[in-house]
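Just so you know, the protein sequences line up as chains G and H, in that order.
Our numbering puts the first residue of the first sequence at 1, with every later residue one more than the last.
Our numbering puts the first residue of the second sequence at 1001, with every later residue one more than the last.
Warning: the hint list may mix true and false statements.
Stated by the list, open to error - Cβ pair distances, simulated, as ranges:
1) G:Ile10 with H:Ala1226: 31 to 41 Å
2) G:Pro274 with H:Asp1012: 28 to 38 Å
3) H:Ala1063 with G:Leu242: 40 to 50 Å
4) H:Leu1099 with G:Asn2: 37 to 47 Å
5) H:Ala1157 with G:Thr7: 51 to 61 Å
6) H:Ala1063 with G:Ala86: 32 to 42 Å
7) H:Lys1100 with G:Gly510: 20 to 30 Å
Worth flagging that the hints you see were computed from the coordinates, not collected in a lab.
Keep in mind the model is a prediction, meaning the values are calculated, not measured.
The beta carbon of each residue, even a glycine, is placed where N, CA and C say it ideally should be.
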Amino acid sequence: MNPVVKTCGIGAILVVAVLVLAPVIALLAQAETGGWAVGAWPAIRFTLLQASLSALISVVLAIPLARALMRRQFWGRGLMISLLGAPFLLPSIVAVLGLLAIWGRSGVMSDILAMAGLGPLDIYGLKGVLLAHVFFNLPLATRMLLQGWQAVPSEHFRLAAQLALAPRTRFALLEMPVLRGAVPSALLVIFMLSMSSFAVALALGGGPRASTIELAIYQALRFEFDLAAAAQLAIVQLLVGLAAAALAFHFGRAARFGGGLGAPFQNWDSRRWPRWLDGLVLVTAAAFTGLPLAAILLKGAAGLGLGLPAGLPMAWAISLLVALASTALALGLALALAFFIAASKRGDRIELFTLLLLATSPFVIGTGLFILINPVASPFALALPVTALVNAALGLPIMLRVIRPALARVNADYGLLAEGLGMAGRARFRLLTLPQIRSELGFATGLAAALSMGDLGVITLFAPPDVQTLPLLMYRQMGSYQMDAAAGSALILVASSFALFYIFDKGGRGAGTG
Amino acid sequence: MLELDNLRITQDDFSLRADLVVPGGATTAILGPSGGGKSTLLLAVAGFVPITGNLRWQGRDLAALPPAARPVSMLFQEHNLFPHLSIARNVGLGIRPDLKLTKPERNAVAAALARVGLEGRGAVLPRQLSGGERQRVALARALLRQQPLWLLDEPFAALGPALRREMLLLLEDIRAEQRAAVLLVTHAPEDARCIAQSCIFVGNGRAAPPIDKDRFFAHPSPAFKAYAGL
Chain G
1 MNPVVKTCGI
11 GAILVVAVLV
21 LAPVIALLAQ
31 AETGGWAVGA
41 WPAIRFTLLQ
51 ASLSALISVV
61 LAIPLARALM
71 RRQFWGRGLM
81 ISLLGAPFLL
91 PSIVAVLGLL
101 AIWGRSGVMS
111 DILAMAGLGP
121 LDIYGLKGVL
131 LAHVFFNLPL
141 ATRMLLQGWQ
151 AVPSEHFRLA
161 AQLALAPRTR
171 FALLEMPVLR
181 GAVPSALLVI
191 FMLSMSSFAV
201 ALALGGGPRA
211 STIELAIYQA
221 LRFEFDLAAA
231 AQLAIVQLLV
241 GLAAAALAFH
251 FGRAARFGGG
261 LGAPFQNWDS
271 RRWPRWLDGL
281 VLVTAAAFTG
291 LPLAAILLKG
301 AAGLGLGLPA
311 GLPMAWAISL
321 LVALASTALA
331 LGLALALAFF
341 IAASKRGDRI
351 ELFTLLLLAT
361 SPFVIGTGLF
371 ILINPVASPF
381 ALALPVTALV
391 NAALGLPIML
401 RVIRPALARV
411 NADYGLLAEG
421 LGMAGRARFR
431 LLTLPQIRSE
441 LGFATGLAAA
451 LSMGDLGVIT
461 LFAPPDVQTL
471 PLLMYRQMGS
481 YQMDAAAGSA
491 LILVASSFAL
501 FYIFDKGGRG
511 AGTG
Chain H
1001 MLELDNLRIT
1011 QDDFSLRADL
1021 VVPGGATTAI
1031 LGPSGGGKST
1041 LLLAVAGFVP
1051 ITGNLRWQGR
1061 DLAALPPAAR
1071 PVSMLFQEHN
1081 LFPHLSIARN
1091 VGLGIRPDLK
1101 LTKPERNAVA
1111 AALARVGLEG
1121 RGAVLPRQLS
1131 GGERQRVALA
1141 RALLRQQPLW
1151 LLDEPFAALG
1161 PALRREMLLL
1171 LEDIRAEQRA
1181 AVLLVTHAPE
1191 DARCIAQSCI
1201 FVGNGRAAPP
1211 IDKDRFFAHP
1221 SPAFKAYAGL
């Protein structure tokens, strides 16, 4: 193995291990210092309940949506598939604002209900958390199912059509295998995402009956300064997360983030299933995903029309810096790991080990870091560096999962040729590998940057009142009922996240070298 | 000459042995059924597959050398070119693997492209060329590398009959100029008839020693008869 690859690879593994294990050890040590917090049970129960329900509802609803998208050719189909990719990049707190504008007490739906003489909707608590999680994850589940269907060879669909298989046989032969493959991993991925979606719980949950584990950690650290309780809760979160992650690995490939969904569709089985029903499914889904996005645009523009909210430029600059720093760190680590894994004989095991480490929720890492830093320095003074560090841990697994297959593909296609020509080291990287994985590199970097820009998580544990990222500013504006200012900030935030993604992704696809 | 002395390749449940001498400065065709080990034999000579036994070129032991240090140029059926590099740069890799070319070296690249009939087209990307033209680029690179032993794995299998014949004749011309030795894996006996001087049959876990082309086809072995359906 190339010595540079080896040194960097082992270095990166050590960095990841320390980054994850040091906080976990700190948590274990701290947890012993206090008795078992009785108040933890409701939080654990609520977390498991909402995550399970979120996963179940998202996947059950995704099945008819994916089927409708699969078999209907209609104007705007490509647009709709792109729209389904949007919630993944959408900062959670922005999505909450958009959902409130439609489903909230003074939202569009409540207004419509009021005309019929019905009371306003209340989306705080379990209902709201589920609504937000389905909003995020219905599109994700749909894309995962579509990818499954797209992997079925078109010959099979043609064969089924030619044999005029009965709907039940067709379902058993063609659709069941796809669902069996995709549904368990979709359920687990959504369960994990919902378990650690702190911003949604912070904005829509709360109170003793709708508090997640992460929310309880936040309260223990910020309001009660009870480090032992926070540590205990973080360990529970860690264990549940690890169990779900282990199951997800067991059920095979989880979410692929790449494109490839625009491929020609298969017009099978379309006559037996009423067109209007598919139409209804598609229109409902488009409205469910699209209306909150439209509300963010409209309200945001109106909010900005009233002037730039106080503190916004500073918060924006801080968010951008944190996002760029965390992305640079994640990119360096991901490249070092990917090359090391590709060159190593036990690459698969190293990858599994790394991804399991990274399955630790960033919020848990943040809690551990808080406890580690607390005796030696004020955690509040280190809010931004810690946020950047933890956000790097958030982006790293996504990057690794995009870059590693790309690297494997290059080596499979051109490895022999490059070796035969004696291309090695930097020349091989510059002339072969980099140009070949550029587009994946750009895509992954864009994802990590956008996610970091929009993340509202660990920063809430550390930030003093006068320091804020843009998502935190937005949350504080919502908390003090400055809804116009919050809408303005939301629009700037979402535009910045998408711009970051677009710039990096575009940069990756840019003109190849000649 | 290339000596395969008690050579053995073992991979999972596949094994192939070879005890033979390939003449230098000539074209030797390798024929035989799919899965018999023709390509594996080439990969072993190039150093991509582990072997036991001896492998010598002009008396020099090759077995311990890494692929880049062996005196061979290899051509595959496809993926011979890097799609993101212009064809001139693809050819330039044959001179310097880091592509830091001097002016005379760039001239040599242009001359090699001209030799294979692609004069003045160095700036285009591989995807702008036809399949046959792409293999010409790979030939130009092999030409520049000036290695004495060329290993070709069905390089023209995807081309139509007329074009294939044209490419074979171009290959044979260049080989003769360079006085190189060519090992050509092919599925088509007519390829062997067209340019080879002798033929090796690979099948049943064994690579047979080369037999003069005329005798190979005039008195086919039972194994070759079965393979060719004679």
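So, going through the hints one by one against the coordinates:
1. G:Ile10 with H:Ala1226: 31 to 41 Å: 54 Å Cβ-Cβ, so the 31 to 41 Å window is violated.
2. G:Pro274 with H:Asp1012: 28 to 38 Å: violated (53 Å)
3. H:Ala1063 with G:Leu242: 40 to 50 Å: The hint (40 to 50 Å, Cβ to Cβ) holds, given that alanine 1063 of chain H and leucine 242 of chain G are roughly 48 Å apart.
4. H:Leu1099 with G:Asn2: 37 to 47 Å: This hint is violated: roughly 19 Å between Cβ atoms.
5. H:Ala1157 with G:Thr7: 51 to 61 Å: violated (43 Å)
6. H:Ala1063 with G:Ala86: 32 to 42 Å: Because 57 Å falls outside the window, the suggested range is violated.
7. H:Lys1100 with G:Gly510: 20 to 30 Å: 24 Å Cβ-Cβ, so the 20 to 30 Å window holds.
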